[in-house]
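Chemist: Once you've looked at the hints, dock chain F against the given chain X.
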Amino acid sequence: MSAVAEHDDHHDHHDDHDHGPAKGLLRWVITTNHKDIGTLYLLFALAMFFVGGSMAMVIRAELFEPGLQFVDPAFFNSMTTMHALVMVFGAVMPAFVGLANWQIPLMIGAADMALPRMNNMSFWMLVAGVLLLASTLFMEGGAPNGGWTLYPPLVLQPITVGKALPFAIFSVHLLGISSIMGAINIIATILNMRAPAMRLMDMPLFVWTWLITAFLLIAVMPVFAGAVTMLLTDKFFHTSFFNAAGGGDPVLYEHIFWFFGHPEVYIMILPTFGVASTIIPVFARKPLFGYASMVWATASIAFLSFIVWAHHMFTVGMPIAGELYFMYATMIIAVPTGVKVFNWTATMWKGAMTFETPMLFSIAFVVLFTMGGFTGLMMSIAPSDFQYHDTYFIVAHFHYTLVPASIFILMAAGYFWLPKWTGHMYNEKIGQLHFWLSVISVNILFFPQHFLGLAGMPRRIPDYAIQFADWNMISSIGGFIFGASQLLFLYIVYDTIKGGTGEKVTDEVWEDASKHGLEWTLPSPVPYHTWTTPPSAVPTEHVLDTH
Amino acid sequence: MSEELSKKHTKLVRILVFVAVAMFGFGYALVPIYDVLCEWKWIERDRPDDIKQVSEATYKIDLDREITVEFITTLNESTPMEFYPEVKQLKVHPGEYHTVNFYAENKANKVMVSRAIASFSPALTSSYFEKTQCFCFSEQTFQPKEIKIMPMRFVINPDLPVSYKTITLSYTFFDNTDKSVNK
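Top to bottom, those sequences are chains X and F.
By the count of my numbering, the first sequence reaches residue 758 at its end, each step adding exactly one.
By the count of my numbering, the second sequence reaches residue 189 at its end, each step adding exactly one.
For reference, chain F alone in the conformation it holds in the complex:
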């Protein structure tokens, strides 16, 4: 191979290796880019961080409409807990406040830090579902075998588009003990 060709190869290969390494970095850069894009107003999706506490406002109760709210509970992987809502289904009028209790029990003999993550179906209803009190706002610490009755107080904003008749709210409890800073 001539000297000149060898130089051409070296130069090209350097550029291409740089591109490959940069694309590996780009894969990681997609993580913050994704977060930024999801903050954009026109990207309407519910993210765990969106489910924030709101202060109690007074709405005009819309007695003409009735929305069915369903509660689903799930445990992630093998989180050693018992977890269920005291009512599975509720018929509510928009603007009306309700409190639902959730039963949670740590079945393990150790302190556990866990976090409940909410998910709405249909997803676009999440911004109309306002919570004034919820166990899902922060991590929950359970003593060994501790039982907690956890309330969740909510109101459905009467601005909810009329096409929505049923909202399903799902909570998944994740065992965060290993990852938590609140140990």
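Next comes chain X alone, as it looks inside the complex:
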């Protein structure tokens, strides 16, 4: 008996520091709580979204009219390079890691992430990496301006890098290590910490897509780290990986880069699919159509992403057999992606739909992502790609798959879960205004870029021939409206955290949401510690199809 009493004493004492967050600002530095770290990731990503967005505004301002108006060409090229790096590695990827941190433990009934201290470390390494990258803006010679792909020999030449190259490379190393640690944490959480009642095929799709994304991250981030390390040794240690005079080949870099780069684009889109598959059923008031096919489609897309990389480089010189192989392999991706689009549509079919802001953003995602997918199919045709390569057509394509897809879904996720996290309802009127301004302006911004690309306007140039003037001006106007509209989102996030409409939200927030996910069975706002005892049953509404 005495042993038991002693144990209890000890236990109480041990639990003391677990009652709530630490006091003061230091809480955010030392926190190991998945909700705190999720918040940090999301706020950091939001900040970077505005930093990267400001760079886009510089680009659109310069392209408003032909001729050089505001910035010199080297700085313009720094802006295109840094805009891409900041948006990819500072905004979209961390935002999804933030959502994973918040939602995965809540959705699978786990008390926290598997490795909380490593979780804290991945976040702060991300901050260090991005700061290192941002510091290059203030260096002699400016930030890297050879494009975010860092192609040699361009990126190795003094005129394109100044002193920035090693900093950019070390920043990529830090960002890579941070993502790999985040991915390991997510896999360990999902595989080891699910509520006992939850089998793999009971998991919400957001959890599934993140599990697969995490494997992609572990597989390709190290390859990118290797490629930039080769750049570093070529530049400073006289190796000749990419130096033709020493027997190297710059085309090799493109192969290694895109072996990373193609899975990387799916790292940004698969969690997007997961969030869309979570939101659409709630507002259609129907279970997700084709749960199992969604899981398999995600896995197929992930697998295919490894074997299609050279479609990014059809024009660099490849044997015909290679062009054909990469062309057909790329087209196959349209099959699982099509399965997903049809499943989302079928989920909405005859549903009792309502159109709150998260649903509006999700529907816009389905429509506009499909358009981005179609232009992707056009470019998968190798002979056509010779026409589209390095023009504004590709710029329009990948912005359609990233902005009205990943970014819109991140917005939707914000509107969808903020009431749960904060216990406050956001202002629906401003939310709707934000949606309509965004969805209209994003099309004014990017749709004309298809025309510019087909007419032959090259990307990454600060000045252009006058026949491109009109559509560029329209695109820039769309860009300014889109950029300004996002300030509404910033306001809504601030307002909701501070109390929102003052309306008391219920535990499930959205009608019948508790049928769709475990997180909606918890109180609103979500307490600091949740699922200290795992839930005994898991909602099966979202997987009805398979049972």
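Keep in mind that the hints are not guaranteed to be accurate.
[Stated by the list, open to error] The calculated lysine-lysine pairs, modelled on DSS-like cross-linking and capped at a C-alpha distance of 27 Å, are:
#: 1; chain 1: F; residue 1: LYS113; chain 2: X; residue 2: LYS446
#: 2; chain 1: F; residue 1: LYS154; chain 2: F; residue 2: LYS137
#: 3; chain 1: F; residue 1: LYS94; chain 2: F; residue 2: LYS113
#: 4; chain 1: F; residue 1: LYS137; chain 2: F; residue 2: LYS171
#: 5; chain 1: F; residue 1: LYS116; chain 2: X; residue 2: LYS446
#: 6; chain 1: F; residue 1: LYS151; chain 2: F; residue 2: LYS113
Hint data in this document are derived by calculation from the structure and do not stem from the laboratory.
Modeler: For chain F alone, coordinates are given in the frame of chain X:
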């Protein structure tokens, strides 16, 4: 965290870290894999190493066809040289031997080892463009301010598919002084 769960985490994390490290190695392994794949016969591309010396063979001169051969010269980064062909363009019949001189001058006050790397456009013509003599076969050592007139003798194999009318041959001189073993 229970002991058992902690063990499960350790085991999984070990595997995942191993995968990450192995993938870093795989990035480097792609370098030799790429070289091996490029040797495959059906991968038709010109690599600097392919541009080898061939012995002078006699071909039947095809007077019905005329191929325009263009010469382009480039200096990599800030290689301190002057480098240009004595003729920029030549009309030749397949099977006919020609010699073109290239002018090269070391503008620096130091010994320089440099290497010219050839590149063909269209790339698939490279295997029909046979060189019996070229400065590009090996590294060239220049004394300070030395001027060299460097010949390049070539023939176009008459098997060249008829669809090719123009071949552009580009040479880039790389300053290899720091990296060369022939210093």
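Chemist: Of all the hints given earlier, name the ones this structure violates by number, lowest first.
Modeler: Structure breaks no hint.
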